[in-house]
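Residues per chain are reported as follows:
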Amino acid sequence: MQSNAALEYDYSVAKLFTITAILFGFVGMLIGTLIAAQLAFPELNYLLGEYGTFSRLRPLHTNVVIYGFTVSGVFATFYYLAQRVLKVSMAESKFIMFIGKLQFVLYMILAVSMVVTLLLGITANKEYAQMEWPLDLLTVVVWVLWGVAMFGLIGMRREKALYISMWYFIACFLGVAMLYLFNNMEVPTALVAGVGSMMHSVSMYAGTNDALVQWWWGHNAVAFVFTVPIIAMIYYFLPKESGQAVYSYKLSLLSFWGLMFVYLWAGSHHLLWSTVPDWMQTMGSVFSVVLILPSWGSAINMLLTMKGEWNQLTENPLIKFMVLASTFYMLSTLEGPIQAIKSVNAIAHFTDWIPGHVHDGVLGWVAFMIMAGIMHMAPRMYKRELYSKKLVEAQFWLQTTAVVLYFTSMWIAGITQGMMWRAVDEYGNLMYSFIDTVTVLHPYYAIRALSGVLYLTGFLMFAYNIYKTATAGRKLENEPQFRTPMA
Amino acid sequence: MFHWLEKNPFLFSVGVFIVIAFAGLIEILPNFAEAARPVVGLKPYTVLELAGKEVYKKDNCIACHSQLIRPFKAETDRYGQYSLSGEYAYDRPFLWGSKRTGPDLHRVGNYRTTDWHENHMWDPTSVVPGSIMPAYKHMFTNKADIETAYAEAVTVKTVFNTPYGDDIKPGREAWEAYKPKVIEEAKKIAADMKNQDVKDAVNRGEVPEIVALIAYLNRLK
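Chains as they are written, first to last, in this note's numbering: chain A, 1 to 487; chain B, 1001 to 1221.
No lab work stands behind these hints, which were simulated from the structure alone.
DSBU-like cross-link-like pairs, simulated, lysine-lysine; straight-line CA separation at most 30 angstroms:
| no. | chain 1 | residue 1 | chain 2 | residue 2 |
| --- | --- | --- | --- | --- |
| 1 | B | K1007 | A | K250 |
| 2 | A | K389 | A | K475 |
| 3 | A | K160 | B | K1007 |
| 4 | B | K1043 | B | K1199 |
| 5 | B | K1007 | A | K101 |
| 6 | B | K1057 | B | K1157 |
| 7 | A | K342 | B | K1073 |
| 8 | A | K390 | A | K307 |
| 9 | A | K15 | A | K320 |
| 10 | B | K1057 | B | K1181 |
| 11 | B | K1143 | B | K1187 |
| 12 | A | K320 | A | K383 |
| 13 | B | K1099 | B | K1043 |
| 14 | B | K1007 | A | K94 |
| 15 | A | K101 | A | K87 |
| 16 | A | K390 | A | K468 |
| 17 | A | K342 | B | K1099 |
| 18 | B | K1143 | B | K1194 |
| 19 | A | K342 | B | K1221 |
| 20 | B | K1007 | A | K87 |
Go ahead and model the full structure; you've got the sequences and the hints to work with.
If you want it as structure tokens, here you go:
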């Protein structure tokens, strides 16, 4: 991965998606912090009339952080690093440049429509697939355009062998395309009946089938949006930032194909003790545990890449972000399989332990990796030094504290609630009414809201740092080879 | 070892697709027909109930409430008989939810009444002290979209053979002819309510969201 002086890479599309990643990151985390606070202090539900209740805002939070922040981060890093690992510039093809920009414009239209419709309560109401059918169609167009850009660049490449990051980007593209299409099969009711709203549809599947397809999607949205492209990022940014070669090619091979093979089977662990057949539940449990292997394979491969260079951890805050991201990835991919064991799931399911688990993954792994990627890219895209190292350090500790507060409070809350729901007295009667198990959680909800405030503050410091880098950072003569220069 | 594959993006992509696709085939397909069968005696939702289900979806009740009673004694004691697959045969989409910030609602119609819901949706703490659920006062003024609910009934009847009567058919004329039946059903709910504005609206031929929602919640048994 030596830098190639002969090629002038074009970052115009990468820059656009970097801006939207920061924008949606802020909006999504702000809403997240607000709804976290609403659970501790219910009066906060009435700030925006009917549009401000927890229930209306919760899908807005998830959709904006997933499809706004994370997916923007995926596109930004893709348009940055695909050129580099394929040794081809976007500027070499007017067509691909056009596709990239068109994709961005349609993506923005889609994102704004998503926010508006969800606020209005226009929703298909399947978790993480709430958008109604016209938006689904637009999503398909945006995704296909990304595929055209991806395979267009691959077709033009000078480096014949695809680098590991490209494997993961290809998998992200294919996996999401397949899952999204099948899960969002729906019939627009106005077209059949000739009356009623155009923005309404019914799912092609009913009841238990719908649940299976939905969690096949829901679980694998985690796989192909929160895992696969993020691994693509760390396989590029960590070796590049540290100047170290990836520890083991064979381990990356094993982890990649292992992850592809195993991940899809695990979706039914979201439906343990439900009405789907037992054998499916058991398969989901078993494959979830097997999933530890390829997940830890990637994470360990990354940690071992730092072998003999651990001093960089104290000197370079970006290495800190990425090593901790890897570590949180390991924590999260151990915690998930534990929750997928049927007896544990009986207590954990429906409780706050689940959002706790999700957030040590997304805050500690996904967002850390995207922010580290952007901090690595910004000086190279804007040809300026990163504005402030102190700010990066402060952000790192603030956000790390926030993640730890988040998952510890939700672990306690979840297990407390799960145990109280099933507690019986000496005569076998239920000991607690439901409301008892809600009021007891107040302190943990308050801690979680605090953690949201801390994380959001860190994100604002990050946004400010990138803004100042782009506008006021010290100009760089040459592109830095490895370590990102920062003032 | 696999270097040849990494130099051939097409075969590489085909390989990835096969590896990720067949888990879904094996896990989802075999049970598909059986899982779609309703339990004996299950009736499709009335148009008013469907409109209520739309309110449930619009205000995203599944963010905090499940509709899935698991087969544990602690759950059947608290909520009633554990859930059966065939009970969901007319649920498009399914509304099991994944989080219980509030209690399960799959059989809420067995132990809560119209007036309880009316008080609760207006001010949850008035009937459940300590509740952190927001009040949904806007449901008392917003009108439910019964026309779209009717369109849903027509669609599931036409496309999925859901057993509705002959009076559910496409077109505006058929809807205008059917509408009075929906209002009649709404009047029965409103009769058990105390909010005068709601009663007046129903008498004018409008259906406030709260009426449709309560019809839906009462149906959950």
